[in-house]
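**Student:** Spelled out, the chains give:
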Amino acid sequence: MSQQHDINALIEQMAAKLQHKLDIDEHTAMVGIHTGGVWIAEALHRRLGIQAPLGTLDISFYRDDFTRIGLNPQVKPSQLPFTLDDRHIILVDDVLHTGRTIRAAMNELFDYGRPASIVLATLVERSGRELPIEAGVVGLTMELGPGEHVKLCGPDPLTLEINTAS
Amino acid sequence: MKAGNLQIRPDGRLRHFLSTEGLTRELLTEILDSAESFAGVTEQSVKKVPLLRGKTIVNLFFEASTRTRTTFELAAKRLSADVLNINVNASATTKGETLLDTLRNLQAMHIDMFVVRHADSGTAHFIARHVQPHVSVINAGDGRHAHPTQAMLDMFTIRREKGADFGRLTVAIVGDMAHSRVARSQIHALNLLNTGDVRIVAPRTLIPAHVESLGVRVFHDLREGLRDADVVIMLRLQRERMLGALLPSEHEYYRLYGLTEEKLSIAKPDVTVMHPGPINRGVEMDSQVADGPQSVILQQVTYGIAVRMAVMSMAMQQNTTQEANAQT
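In the order they appear, the protein sequences are chains A and B.
For the first sequence, the residue numbers in my numbering are 448 to 613.
For the second sequence, the residue numbers in my numbering are 17 to 344.
Simulated from the structure, these hints should not be mistaken for laboratory data.
Small disclaimer: the values here were computed from a predicted structure and weren't measured.
Wrong hints could be hidden among the right ones.
Just some of the chain B residues that point at chain A, by a computed CB distance under 10 Å [unchecked claim]: (1) S53; (2) V65; (3) L68.
Think of the CB as a built atom: it goes at the ideal place given N, C-alpha and C, for glycine as much as any other residue.
Could you put the whole structure together from the sequences, leaning on the hints where they help?
**Tutor:** So this is what it looks like as structure tokens:
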């Protein structure tokens with residue numbers, strides 16, 4: 448089942464909320480999580496006019512379920528083209544679900560330095576959290592059961608694919 | 017020696033890495049793809065990922081090695097594993113302890129992986145047959161039999177230099193085939209990856225009988241063997257393993273089989289020259305070639321870390337057919 452959401456309008460709202468919530472200046476940097484998070488981050492980065500180049504993370508090497516489900520052989524390199532120390536980081540992902548991806552992403556970020564702060568921005572915040580992690584800025588909130596999935600497809604056009612339990 | 021079933025888990029994933037023989041093209045490609053991902057990690061300023069945190073890996077070396085042992089150690093450390101280096105010349109086996117007793121004592125310390133090098137062919141297989149179910153074994157060279165991680169880092173180097181289509185490549189392996197575990201592993205890997213033309217070039221005394229059955233073309237003249245080659249892999253003359261009078265002299269060997277710039281000009285203009293190290297300069301190859309623009313000998317060492325990270329992390333995945341759950 449595919450539901451129609453105007454992703455561009457949601458990104459626009461997220462950008463406005465980030466602008467309202469944060470003082471975006473030369474100490475601000477944005478990091479997108481592969482793959483969907485990078486698509487959202489690219490759009491937000493452009494709209495907010497952040498000076499530092501966009502960073503990207505592939506958290507595959509930091510997952511906590513590696514020994515159970517194995518390694519994806521095609522891990523993209525993480526790129527953080529700025530120093531993290533004392534930066535205010537906007538971490539961007541497509542869907543916040545269990546919180547484990549964000550835990551892994553924060554672990555990876557701290558391997559590169561000590562940011563002054565991290566704010567999480569996600570396009571979709573869905574139910575099912577397993578860790579005490581919350582998004583600072585959200586495009587869309589969804590109540591989904593454990594068997595239900597939401598996935599961002601893209602990059603052009605960006606669409607949300609929602610599979611509800613049958 | 018058939019190692020197929022021992023190396024592969026029921027779900028098709030890698031359990032031990034003992035030999036390139038008996039593996040599938042899919043598994044070799046997965047190793048190369050994963051190594052490409054890990055190469056990115058080894059080029060970062062923080063060269064470490066937490067994949068094998070809490071795991072203990074033993075480098076069990078019954079034979080001298082610098083490059084292989086240190087790159088295995090670095091690979092394990094960059095995966096955040098704890099590493100023990102056991103140099104068996106200085107250990108209990110000299111007091112009469114058997115290999116199995118050494119193994120059982122180490123297993124009693126809750127080891128997760130053994131990286132084994134031994135002068136006798138088949139040692140890594142023997143250990144793999146006797147370890148506990150959760151323990152993986154990686155062959156870091158056994159006698160004249162196999163050295164699969166070296167072969168895979170060579171495949172990785174070729175893929176980086178020449179692209180993924182091995183079908184259009186001519187690869188010449190030159191030198192001491194009779195004593196070379198590296199060459200045997202390379203030939204199996206090159207054939208699994210469908211390499212167009214695999215040649216071996218060596219004097220008759222340094223080629224094992226029936227070598228053509230491995231799927232190679234045999235040359236005894238270096239110039240003929242090098243003609244239009246895309247890749248030339250030089251093997252080390254293994255003086256320490258030579259028992260009989262197989263060669264008249266090193267000087268004679270160099271004259272006939274030593275790689276010089278002049279002989280290399282017979283190969284393709286963009287030929288890549290490789291060597292597993294350590295080089296005997298002035299025996300297998302001239303220094304001008306070893307240090308020249310076609311040589312990727314030091315890149316091979318660098319890639320060895322990423323390839324060993326790939327093999328170690330693949331072998332440490334638990335045996336499970338559980339569906340990959342999207343983590344969001």
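**Student:** Now tell me if each hint is right for this structure.
**Tutor:** Evaluated hints:
The interface hint given for B/S53 is met, as the beta carbon of that residue sits about 4 Å from the closest beta carbon of chain A, less than 10 Å. For B/V65, the shortest C-beta to C-beta distance to chain A is roughly 4 Å, which falls under 10 Å, so the interface hint holds. The closest approach between the C-beta of B/L68 and any C-beta of chain A is roughly 9 Å, which is under the 10 Å cut-off, so the hint is satisfied.
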